[in-house]
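A.B. asks: Protein chains in written order, with full-length UniProt numbering: chain A, 1 to 97; chain B, 1 to 1373.
Just so you know, these hints were derived from the structure itself, not from any lab. Hints may be right or wrong, so weigh each one.
To be verified - Facing chain A, a subset of chain B residues (Cβ under 7 Å, in silico):
id : residue
1  : P33
2  : P970
3  : I1160
4  : P1254
5  : L1260
6  : D1275
7  : A1276
8  : G1277
9  : L1280
10 : A1293
Every value quoted in this text rests on a predicted model; they were computed, and no experiment measured them. Note that beta-carbon positions come from the ideal geometry of N, C-alpha and C, so glycine has one too.
Okay, here's what each chain looks like letter by letter:
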Amino acid sequence: MTTPLTLTDQRRPDGTPVLVAEGEIDMSNVGEFRAAVDRAAGGGRLVVDLTAVDYLDSAGLAALFAHADRLELIAPPLLDPVLTVSGLADLATVHIT
Amino acid sequence: MGDADGTGPPELLFPGHGEMAGRMRAFDWAGTPMGDPAGWPASLRTACRICLTSRYPMFLWWGEDLRLLYNDAYQHLLGNKHPALARPGRQVWGEIWDVIGPMLRSVTETGQATWSEDLLLRMERHGYLEETYWTYSYSPLHDDEGRVRGVFTACNETTERVVGERRLAVLQDLGAQAGTARSVGEACRLVARVLGRAQRDVPFAAVHLRDLGGGLVPAAVSPPGTAPGPLPDGHGDWPLEQVLTTGEPVVVEDVVRRFGRLPSGGWERPPNQAVVLPLPGETGAGPVGAIVLAASAGRVLDDGYRAFLDLVARQTAALVNGAVAYEVQQRRAEELAELDRAKTAFFSNISHEFRTPLTLITGPLEELRGQLAGAGERVGEELEVIRRNALRMGKLVNTLLDFSRIEAGRMRARFEPVDLAAVTAELASVFRSAVERAGLDFEVDCPALPEPVHIDRDMWEKVVLNLLSNALKFTFDGSIGVTLRAEGGQAVLRVSDTGIGVPPGELPRLFERFHRIENARARSNEGSGIGLALVKELVGLHGGTITADSTEGEGTVLTVRLPFGTARLPAGSADRGAEPFPVSAADPYLQEALRWLPDEDEDGDAGREEPVPPATGAARARVLIADDNADMREYLRRILTPGYRVTTVADGRAALESVRADAPDMVVSDVMMPRMSGLELVTALRADSRTAGVPVLLLSARAGQEASIEGLEAGADDYLVKPFSAAELLARVRAAVKLSRLRNHHAQWRTALVDSLQEAFFVCDEEGAVVEINSAFTDVLGYGPEDLPYRPKHPWWPDEETDPEAHRAIERAFAQVVGERKGSYVTPVKHRDGHRLWVYASFNEVRDPDTGRRMVVGTFRDVTAERLTAQRETALAALSVRLSEAGSVPEALRAALDELRGVWRAPRALAVTWDGADRAPRPVAAVPGTAWGRPGDPVREAVESLRGRNPLHPAATCGPAGIGITLEHPGGPLALWVEASQERPFIGEDHTLLAVLGGYLGQMLQRVHAFEQQRETALALQRAILGPDRLPRGFAVRYEPAARPLEVGGDWYDTVELPDGRIGIVVGDCVGRGLDAATVMGQLRSACRALLLQFADPAQVLSALDRFAALIPGALCATVFCGVLDPATGRLAYSSAGHPPGILTHPDGTTELLDQGRSIPLAVRPGLPRPTGTRTMPPASVLLLYTDGLIERRSRPLHAGIAEASAAARRGRDADLEKLADDIRTGMEPAGGYDDDMALLLYRHPAPLEVAFPAESAQLARVRGALRDWLERLDAGPRLTQAVLVAAGEACANAIEHGHRHNPGRTVRLRAVVGADALRLTVTDTGSWKPRQPEAGAHRGRGLILIHALMDQVDIVTDEAGTTVDMHVRTTR
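Between the sequences and the hints, there should be enough to build the whole structure, so can you do that?
C.D. replies: Set out below in C-alpha cells:
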C-alpha cells in the first residue's frame, strides 16, 4: 500500500505558483513531493498549500526546508506542532487555516 | 513347596530356617484376604524377607485389618498369643488397641513413621494384665502403587530395664534415709514415706514392730491412712506371728480374699499377692518386727520381684536397727559420763585407801610365795603377776600421795649429807640389767664429789629412778648415760639417752603434771604422766633445779642441779607424816621397766598364738589381742583361751600387720599403745575394705565420755573400760564374734546378690578407679576381679588413636561419673577381646559409710543390639524423610548418598550405574569432592569391583577403604560406595546397616521412578485441560492450585477467539479441589468453549452449560463468569452464574463491580433463564476477573476481599499487565500460601497494538493506518494522535533506512501499549542508528528532533541485535 498523495500545481491570480498537496507525505513518496516543490519554485516565490495533508514527516519537511526563505505555507492546525518544532515556521511564512 | 535347591519362590519370599519362616511357607495365604504371596506387592515381599532374616523382634501389619506377620524373635514377646500369623491386629492386641490403634491409623493415613520410647502397654499375654514397656517405631509400607498398605515395626521390650531402674531408685531412696532417724518410730515413718512414693512397685506396705511385751504393734503403713482389716468371712489376717516365729518370709497368694481391694498403686487391678517378711534384728537377735509388702498386680511376683521386696525389708530392718543403735548409743554415752565422774572422785579422794588393802595383799602374798615355792609353775606365775601388779599399784599410790602431800605442804624432807656419787651409782646399777636386756649400752660415770650433798635419800631415789625409767622407756637403741659432776658450786646430775627425743614444742610442758606427749613412740604407753612432774617437785624441795635438753630423733639430756651445803634447803622438821607404803623404792620401778621388755619366753613382738587344740580348732573363732602390757596380754589370753584361738601382739602396728596377713574373727586392743594407738589401729582397719569388717573391742584405762565416743567414732564396735571383769569381757567378745560371723555372712550374701544381678555392677572411688565388679561385668566386658582396681583410663576405653569418636564419647561419660551425683549414659566400650559394644549405664553417688568418701555405684548392660536397632531405625527414618522429598531418581540418589555420608561421616560417596547401552559404568550421583576418575583410578577400581555382586550384599573395598553395595535400579544395576572415615572405621554392624538402608533405597527408587513417570504424564494432561495455549493480546492470567503437586484444580480461566473477532472470556470455579475437582473442571471448560463458539452470547452459553453440568456429578454449584468482549470497542457482554463480580478499574483509579447479569450457580435450576449485563470498557481501563480463592479468607466478609482486590488493581493500574498480575497474586496471598484454588484474569482495553512489517518505506502508510485505528479506540484527540503518528513514523522511517542499508528484508516491529495515563510506543529494528548530528543538517537528524519534541520520554538503545526506540507520552495533557 503506497501512501496516498495528490499534487496539483495552481497559480494565484497574481501569477504566483501554488502547489496544492492532498494526502500524506512520508519517506515513501517524498521524492515525488520534492520534485513537485522544486518544479513549482522555479526560482521565485513559492506557495505550498498543505491544508488537505494529514501527515507530514521529516522527509517532507526536508523538501520544504530547501526553499524555506521564499516559501509561504498554508497548513492545517494538525501540522502546526511539526512545523513549529522543526523550526520551519521561523524561516518560512506559515498560515494556519 | 520349594525346589530342592532352595531357589523356589517360597524360600525366597520366606527365607531361613526359623519357626516363623516355616510357618509362613506352609501357611494357607489364599484363605486370607492377603491372598497368594505371588500376588503380593514387592514392598511386602521385601519387608517379609527383612523381617524373617532379622534376629531383632520385627513384624508387619498388612492390609485393611492390619494382619500380623512376625519373626521368631517377636514370637517370644507374644507370649500365649502365638501363633497369630496373619490374624487381624485388633484381634491379637485387643487390650492395647486403644493405644496402638490410633498410632497405626496415623501411619497408614499420613505415611509418617512414629517412634515410641519406653511406652507403657497393658498387655494380657501371660494370662494376666501385665505392665510392659516397649521401644519401637512404626514405619509405613507402601504397595506398588505407592499407597500405604501396611506398617513395618522393629520393637524392643524394655520392661525389665524400666521396672528394674524404678526398683533400684526405690532402694536408693531407702538407702538415702540411713542415719537420719533418731527413733524407731521415725525410722518406720521414713520407710512408709519412701514406699508411698513407690506405689507402682509396692502398692501397699505395713510395718509391725515388737513392743516391750513381745507383742506386735503397727508402726507405719503406706499409702498413709490405709488400714485394711481382714474380711469378716475371708481367709484371715497377715501371717505375722508365723513369720516372726520362723524368721522366714511368707508369700500370701490370696490378698483379695483376705482383705478385699487394697490400694492398687495406679494399676487397674488390686494386688492379690503380698510377701510378709521378718525384720531381722542386729547382731543375730530375733526379728524386731515384720513388714507386709504387697506386689503390684501388673507384674508377676517372680524371683526378681521377690529379691526386690526382700531388699526393701532388709533396708527397712537396717533403718530400724540403726535407730535402735542410735538410742542405745545415746544411753551408753550418758552412762559413761556418770562413770567418769565417779572415777574422778574415787581417785582424788580415796587413793590412800588403797594402802591398807595393798598391804593386806602384798604381805600375805610374800608369805604365800614362800609357802608355795614348790606348788608348781602355774601357781608361781600367778603369784608373780599378783606381786608385780601390787607393787605397781603401790608405787602409783605412793606417787599420788606424794603429790597430795606436796600440794598440802605437808611434805617434810629429812636432809642428811651423803656421798651423792656413791648413792647415785648404786641406784643406777639397779637398772643395769633392765637397760642391758633392752639391748642398750649403760654408761655410769659418777666420780666422787669434793663435798657431801644434803639430800633426802628417799626423794633422791625417786628422782634418779624416775629419770632412768623415763630414759629406758623412750630409747630403743644406743645408750643411756648417768654422770655426776661438781660444777659451779653445784652437784650436777645428767641422765642422757639416745632415744626419740622430745619435740621442741613439747619441751616447755615436759614437767607439767599429767602431761603426756601424744603418739610418742615408747616401750609402753603405761604411765600417768606424773613421773617428771614429781621429779621436779622433789628437786625443788632440795633447792635445786631440773632442765631438759632434747633433739628430736637424737636423744634427751635431763640435768638436775643441787646446791652444796644447806643454805638453800627449806627450814623445817623432818616430819614425814604417814609412812609411805613399805616397799623397796627401787623394786617397783625396775619391775615395771622389765615388763616393757620382751619376755625371754615370748617370741617378741611378732605375735604369739596359743597352740590350737586339734579337736575343736576348726570351729573356734580367732581373737587377736594387742596390748603393750605383757601382764595384760597374758591375762586376756588366759580369759579367752578356753573358747578362742588367741594371738597376741604388743602394739597397734603389729596388730594391723597381723590382721592384714590373716584376718581374725575379732581384735581386742588396748587404746594406749606405742607405735600405733588402738584408735589409729581401728581407723586403719576400717579404711581397708579387706579388714573393715573385723570387729574391734577397745580396752582402756582412760574412762570418760569423750574417750568412749572417740573410740566408737573411729569405728570400734565396742569399748570396755578397765577394770573389767572376765565375764564382762567374755560376753562382749562373744557378741562381737557373733556379729563378725553375721557380718561375713552379710558380706557373702551381698556378694552373691551383686553377682546374681543380671546387669553388670561396679563401684568406683572418687578418682574413678573401679574397685568392685560382679560377674556380669566380666561377662560383658571380659575384665575380671583379679586385676582390680581398674584405674582410669580403664582398659575397656576405645582406643584414642584408632577410634577417636568413641574415645571422646567415653570421656564424656566418665566426666559425668566423676562429676555428677547420678545419671545415666550410653557409651561405646571395647571388650577385652577387642570387639566393640555399647553399654547403657546408670550410676549413683553414695557416701562410704566408713570413710565418708564419695563412691559411685553403677550398673550397666549391653545395649549393642538395641543400639544398633535404634541406629538402623534412625537412619532408616532419616533416609525415608529425605527420600520422601525427592521428586526424581537422581534427586533421590543424591539425597540418599548425602544421608549415607552423614551416617558414616564419609569423606567420599558415589553411586554408579551400568545402565547405558554399552554397559559402561556411569556415575549418577556423588557427594561433593568425590571424583570419578579415569579407568585405573583407585576409587573407580573400588566401585567397579562391586559389579556383579549379589544385590544387597555389602562388601568391603580396599584401595580407598570403604564399603559398597549393589541394588536393583530402574535403569539397571546400581552400586553405592561409601568411603571409610578416619574417625570411624567400618565394622560388622555397618554392613548390616548398609544392607538395610540399601534395601530400603532400592524399594524407594522403584517408587520414585514410577512416580516420576506418572507425574510427567499427569503434568502433560493437566496443562492440556487448564487453559488456552496462547492468550489473546491484552490479557494476563495467574493460576494457583491448592493441592500440590497437582498443577490443576477446580478453578479455571479461558479465552476463546470467536470467528467475528470478539473474544469469549471464562473464569470458573468447581466445588472442591484436587484431582476430582480438576476432572469436573476439564469437562466444564471444554463444554463452555464449544458453547461460546456456538452461541457467542454469555447468557445463552451459561444456560446451555446448566443443562450440561446437570449431567456431570460434581459440577453442581460450580460458579462461572462468562463474557464476550469486542476488543475493537471494549464492549463486554457478560453473565455470571453465582460467580464473584468482575472488577473494572478506570484510568483515574475509580473502580466498579460488574454486578449485572447475575444468577445462580450452575445446574441448580437448569432451564431458568439467565440475564446478560453489558459494559463498555473505557480506554485504558482494566478488567479483573477471579475466583473466590483470591478474595475469600476465613472470618472475613467477602466484600472486604473484593475491596482489597479492587485496591490492588487500582494501585497497579498503570503498570505493565504481567507485573500487575504478579502484584495482585502476591499481594493478596495469605501467609502460608493460598489454601484454595485461585485463578485470576486481567484485560486492559484496548489490547496493545503490535505490528511487524518488512523494512520498506511502502509499509509506512499501512502501519500508520493501524496505529491511527488503535488510537481511535483510545479516544485520543487529534493533536495526540498526530504527535504519536509523527513520532512513530520517524522511528519507523529510521528503522527502515538502517534496516534497509544493513540488513535488507528484515522485520521492523511497532508495539503500542496503553497505561492509565500514558502510552508507550516501542519500535525495534535490527540496524544501528547514527548518533544525532544536528549540524549535519540531514533530515534524519530532524526526525529525531521531532521525536524528542513530541514525546515526553525517549530512550534509544542500540546493541548488536539492533536498535530499540522506547517512547512514552502522557495521555492527560
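A.B. asks: Are the hints correct? Go through all of them and say.
C.D. replies: Against the structure, the hints come out as follows:
{"no.": "1", "hint": "P33", "in the structure": "80 Å, violated"}
{"no.": "2", "hint": "P970", "in the structure": "62 Å, violated"}
{"no.": "3", "hint": "I1160", "in the structure": "52 Å, violated"}
{"no.": "4", "hint": "P1254", "in the structure": "12 Å, violated"}
{"no.": "5", "hint": "L1260", "in the structure": "5 Å, holds"}
{"no.": "6", "hint": "D1275", "in the structure": "17 Å, violated"}
{"no.": "7", "hint": "A1276", "in the structure": "13 Å, violated"}
{"no.": "8", "hint": "G1277", "in the structure": "11 Å, violated"}
{"no.": "9", "hint": "L1280", "in the structure": "10 Å, violated"}
{"no.": "10", "hint": "A1293", "in the structure": "5 Å, holds"}
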